[in-house]
Amino acid sequence: MNDELWLKRMKERLEDYSEPVPPSGWERLEKDLSAAGTSEVPPVVVRRHMLPIRWRVAVAATLLLAVSVIGIKLQHRSSVEEVSQGSFITAVSEDDEELYADDKADLGTEESAEAVGSGRISGSPVEKDHRLWLAGLQQKSEDKTGAVQGVSVEHKSASEQYSAASTEADEPVDVQTMDEAESINEPKVRRTPSTRSKYHLPVEGMRKKKDGHWAFALALSNSGIFSTSGSDKGLLAMNSQGMYPFNNGKLDLSAASNGLLLIPEGQEVIFRDGLPYLLGDSKQLASINHKLPVTIGFSVRKNLTDDLSIESGITYTYLASDVTTVGGEDIKQKLHYLGVPLRANWRFLRGERWELYAAAGGTIERCVYGKYGEDDLKVKPLQFSVMAAVGAQLNVSHRLGLYVEPGVTYYFDDHSSVQTVRKEHPCSFSLQGGVRLTY
Amino acid sequence: MSDNMEELELVEGCRRGDNNARKLMYERYAGKLLAVCLRYVGDRELAQDLLHDIFLKLFERFDKFTWRGEGSLRAWVERITVNEVLQYLRKNDILNQSVSLDSVADACEEPDVKRIDSISPQKLMEFISQLPAGYRTVFNLYVFEEKSHKEIAQILGINEKSSASQLARAKAALALKVNTWMKEND
Numbered sequence: 001m002n003d004e005l006w007l008k009r010m011k012e013r014l015e016d017y018s019e020p021v022p023p024s025g026w027e028r029l030e031k032d033l034s035a036a037g038t039s040e041v042p043p044v045v046v047r048r049h050m051l052p053i054r055w056r057v058a059v060a061a062t063l064l065l066a067v068s069v070i071g072i073k074l075q076h077r078s079s080v081e082e083v084s085q086g087s088f089i090t091a092v093s094e095d096d097e098e099l100y101a102d103d104k105a106d107l108g109t110e111e112s113a114e115a116v117g118s119g120r121i122s123g124s125p126v127e128k129d130h131r132l133w134l135a136g137l138q139q140k141s142e143d144k145t146g147a148v149q150g151v152s153v154e155h156k157s158a159s160e161q162y163s164a165a166s167t168e169a170d171e172p173v174d175v176q177t178m179d180e181a182e183s184i185n186e187p188k189v190r191r192t193p194s195t196r197s198k199y200h201l202p203v204e205g206m207r208k209k210k211d212g213h214w215a216f217a218l219a220l221s222n223s224g225i226f227s228t229s230g231s232d233k234g235l236l237a238m239n240s241q242g243m244y245p246f247n248n249g250k251l252d253l254s255a256a257s258n259g260l261l262l263i264p265e266g267q268e269v270i271f272r273d274g275l276p277y278l279l280g281d282s283k284q285l286a287s288i289n290h291k292l293p294v295t296i297g298f299s300v301r302k303n304l305t306d307d308l309s310i311e312s313g314i315t316y317t318y319l320a321s322d323v324t325t326v327g328g329e330d331i332k333q334k335l336h337y338l339g340v341p342l343r344a345n346w347r348f349l350r351g352e353r354w355e356l357y358a359a360a361g362g363t364i365e366r367c368v369y370g371k372y373g374e375d376d377l378k379v380k381p382l383q384f385s386v387m388a389a390v391g392a393q394l395n396v397s398h399r400l401g402l403y404v405e406p407g408v409t410y411y412f413d414d415h416s417s418v419q420t421v422r423k424e425h426p427c428s429f430s431l432q433g434g435v436r437l438t439y
Numbered sequence: 001m002s003d004n005m006e007e008l009e010l011v012e013g014c015r016r017g018d019n020n021a022r023k024l025m026y027e028r029y030a031g032k033l034l035a036v037c038l039r040y041v042g043d044r045e046l047a048q049d050l051l052h053d054i055f056l057k058l059f060e061r062f063d064k065f066t067w068r069g070e071g072s073l074r075a076w077v078e079r080i081t082v083n084e085v086l087q088y089l090r091k092n093d094i095l096n097q098s099v100s101l102d103s104v105a106d107a108c109e110e111p112d113v114k115r116i117d118s119i120s121p122q123k124l125m126e127f128i129s130q131l132p133a134g135y136r137t138v139f140n141l142y143v144f145e146e147k148s149h150k151e152i153a154q155i156l157g158i159n160e161k162s163s164a165s166q167l168a169r170a171k172a173a174l175a176l177k178v179n180t181w182m183k184e185n186d
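Quick note, the sequences are listed as chains E and U, same order. Per this note's numbering, the first sequence starts with residue 1, numbered consecutively. Per this note's numbering, the second sequence starts with residue 1, numbered consecutively.
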């Protein structure tokens, strides 16, 4: 219609033109509407039983806040646990208590003795937890190196580490990781190193959402965890001699009565002060420092209804950690995961230029490649996780939107022997931000 | 800003079947939609009947509507209106009515834009309504719905050339009316 200016003008003049409507128009319509029964609330409206707008805004704000607070609290709590379960846990199982009752004070360093001296560490794991907590706090203040060890009491983990601590960071430390430990009468104490963890704002790439149909998204994110430990290195420390107490689940202590002991391969037993100690494999992990995980993802979203959609895709995650081995070597642990997420999104509130939505779902990940120094590392089990998030999106223009999505992710223990940041902090709070295109 | 909030509330109300919301909706859009109908069908009574049916349909379909910002409600409403009108025309075979060939001069001086400005909207509407049905439909789709001849051909089930020639004739007819009126009222 280029040279047809007059036609354009006609259109302009008539665009907003309104014809006078017959006065009975509405009445007639109203009658027909009620006759047709369409003035009843149709079934589909049931799900749209919306609260008035102000209420919805309040609900949304509360949800957003709640998720954030819960996330922060979880992080804070887990890191506090870490901090508090300081250094030297000489946790002894009920079985072994009798054996070592008198010698507890000898286990570990003098510092550990101090800590242990606070009382018999016995009883249920929960109880132990409390005492360890106290011990830890005490220790922390005396910690020379500023290194903080973390211990978390695991009640169900099959993988256990047993350790007593030393705070001498410069000493070689030994730890034995009883990865495939079968015996569960061992103290349910697992030593987990604290990690340097930061709260990160991930960056997300383009995200496309097709109107009512499919949406594609590209994502880059770091998941963050709060930690108040403030320490870079976590020590899985033993005692000052670089040995750790004998209490190894793999060793059958009952056999000791025959004078026979089964010692796992690659281990050496030495005796000090009449007590047996195991000198661990020098390649074993002594301390680990987890780097921030990086995730890149691509996802596809399908709208089921206006507000509800499901989403899946593929993610790639890189978990890297700096390990200091028992033998004093610094090696890198690198794990590459591929994952398939599945989640549902529900837009519960909309405004002129914004929308709020909630999302929940899970991911299954598989380690496709791993390296521990020079050696290949295989993580057989699958990593499961679940997540929940709340998102807020601001529609800058008709097609372009900016969003932020705080969320909480919980990583189930994969029961593998490999230490990752997810074992350290199974529950993490993350904040995603990104750009979304709508067609 | 508040208009949009208001509009959203209106939409929600209509979805729920709230009578007040529906009445407001009617008051807001009936006039414009009637104008659209009239443009297409030319006859006032017919246009009013169509309007009635259109509103029934609108309220029925509200649950499928997604508000996507300013202007989205109006666009949706107008789209449904045009579709309903076209359906009517198709059903009643109006589009295929042959037009008497003597009624139009193909070549006609195109009116000046200023002339269009000087004519009242009601009069312009009248001119359009007076067009033969076939031309009128093509004219409306081309000028107001801004469809291409290809699209018009698809919508009406005619071929592109036919659409183009019908538009040309519609333009000529209108131009004639405008020029005549200008002469008579100068």
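Hints in this document: simulated from the structure, not taken from any laboratory. A hint or two may mislead.
As a list, the in silico SDA-like pairs of lysine to any residue whose alpha-carbon atoms are at most 25 angstroms apart [what the hints assert, rightly or not]:
| hint | chain 1 | residue 1 | chain 2 | residue 2 |
| --- | --- | --- | --- | --- |
| 1 | U | Lys-32 | E | Lys-371 |
| 2 | E | Lys-332 | E | Asp-307 |
| 3 | E | Lys-371 | E | Ala-359 |
| 4 | E | Lys-11 | U | Asp-112 |
| 5 | E | Lys-11 | U | Lys-183 |
| 6 | E | Lys-8 | U | Glu-126 |
| 7 | E | Lys-334 | E | Arg-366 |
All values derive from a computational prediction rather than experimental measurement.
* Asked: Going back to the hint list, which numbers does this structure go against?
  -> 1, 2 and 3
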